[in-house]
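Residues per chain, in single letters:
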Amino acid sequence: MKHDKIERNLGILLVLTMVAISVGGMVEIIPLFFIKETVEKVEGVRPYKPLELRGRDIYIREGCYLCHSQMIRPFRDEALRYGHYSLAAESKYDHPFQWGSKRTGPDLARVGGKYSNDWQTQHLIAPRSLVPQSVMPNYPWLATTDLDYSDINLRMRALRKTGVPYSESQAEYERNVEEFGADVAKYLHIPDAEKNLIGQAQQGNYDTNPDKLTEMDALVAYLQMLGTLVDFKKYDDDYFVKFR
Amino acid sequence: MSQETKTNSASNEPKSRARKAGGVPSTGHSWDGIEELTNQLPRWWVWAFYLTAIFTVVYWLFYPAWPIGSTYTKGVPGLNSITYTATQVDGTQVEKTTHWNMRSKFMVEMNELHAAQKQWFDKVAATPFDQIAQDAELMQFVTSAGKTLFSDNCAPCHQAGGQGVIGFAPNLTDDHWQYGSSYAQIQDVIVHGRQGYMPPFKEIITDDEITSAAHYVLSLSGEPHDAASAELGAKVFKSDTAACYACHGADAKGKEGLGSANLTDKIWLWANIPEIEDADEKLKAVKNIIAGGLNRGVMPAWEDRLKPDQIKLLTVYVHQGLGGGK
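Going down the list, the protein sequences come from chains B and E.
In this text, residue positions in the first sequence follow this note's numbering: the first is 1, and each later residue adds one.
In this text, residue positions in the second sequence follow this note's numbering: the first is 1, and each later residue adds one.
Simulated from the structure, these hints should not be mistaken for laboratory data.
Any given hint could turn out to be false.
Not everything, but these chain B residues come out facing chain E in the computed CB check (under 10 Å) [what the hints assert, rightly or not]:
1) Lys36
2) Tyr82
3) Asp118
4) Trp119
5) Gln122
6) His123
7) Ile125
Idealized CB from N, CA, C, for every residue including glycine.
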């Protein structure tokens, strides 16, 4: 086809531009579905429990990702500050993943367990009360807004469609028991989602106010599990090298 | 392309392609008399382009590149390999050689870091606590490495200089230590974490008893109080229903094993008593603590986040560097 013709015909130009760009994308992405080493074989990674899932949705709604990445790169300085580099396996149930690259604040991939629930709650209400030089905004409404969990089943079903193994039937539940153990499988069962969500919030008391189930409960539950699923002590220092 | 262009090139000079300006053919595009010519690309540019193409081929020889089925090319074996040492789960060190990749490169970076800091960390690990403090050169390392570790991990609660936040996390620079001031005690707090617990008393003793206990507590550190009520409070403190003494000790100086506060000094963690002006407000704040109890003070455990040698270094930093240790 003559250049002249393409340049003078907007429709053809558009289609051909898209084809040219997709080739680049496809060459980079499609092989990853087939290469065995892409997602590391590692124990402990599981889908989010219902309360954590709501917390993640709030994290996205509030735009925390605009200032925080969740991806520790395999560099010395990052390992020293944040801990073990992130694994692909650790975000295999994330849709969409929260890797990001904007770091106005620190990376959060392994922030789980680093601070107390009390700290997380206070820091979200008024970051400068704890870190005087912080530029993070205040999120005081999280502690006063009741958590809406009426559609938790639908949220889990939507993720199920993308391949996250939330269970709907007894048979699926039993498969999860085999894969994740009964303690975890219980939380992945969609029909029990609401009950489990309330149970986890009451037990964990994440927002340090046991009388109320707030958005803060969900967000802190989410933050407190980030990066805690894999026990790196069980693996050789260089175990994950062989997947690259 | 404006309307003007079209009329220019299309109507006036339909065969302008053939027309030459300075010997170079025109494309026929002309704007306000400015002509677009069909000059060749500069030679240096074309060569640079070919060179980048050749570079990619060389790159394929050195680095992981092409996917094939369920695996990928890893560069020509031996051409660009990486050798590192790694600690295995069983504690042994092994040396391995792999094709070039970021994770092996990372292992090398960490090896180099450890080599650079090894002599210092080894020295910290091998030297008893009190001798570290005597060694000025070693203390220099402890102070600079400790400061970084403290900023990354501890400062968000204890603040950059270790001065703490009232109602949240204790001051580490004073000589008041809930859990003990020795190196070993501080180290144990950092390794295992702590959560001080005091039960709520609102259902154990009456409101009046809480009030008098509060007067008694205020009297211990010389705060304004009602002497008669404090006398009753002393009885509550030592009674077996409230059993304050069981945790805080009969002398109310606290017990290190429990982290129960010393109530006789002027240092307060959960209410800023010395700063409150009004005597009634002081009383109210103390009553709130007694009625509601305490279990908010969570000091996280660091044994899974920090290595033993980092924790030892931090212990010295907290004890010596922040200046509060005994």
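Practice problem: Could you work out which earlier hints the structure fails to respect and list their numbers in ascending sequence? | Solution: Violated hint (a single one): 7; every other hint is consistent with the structure.
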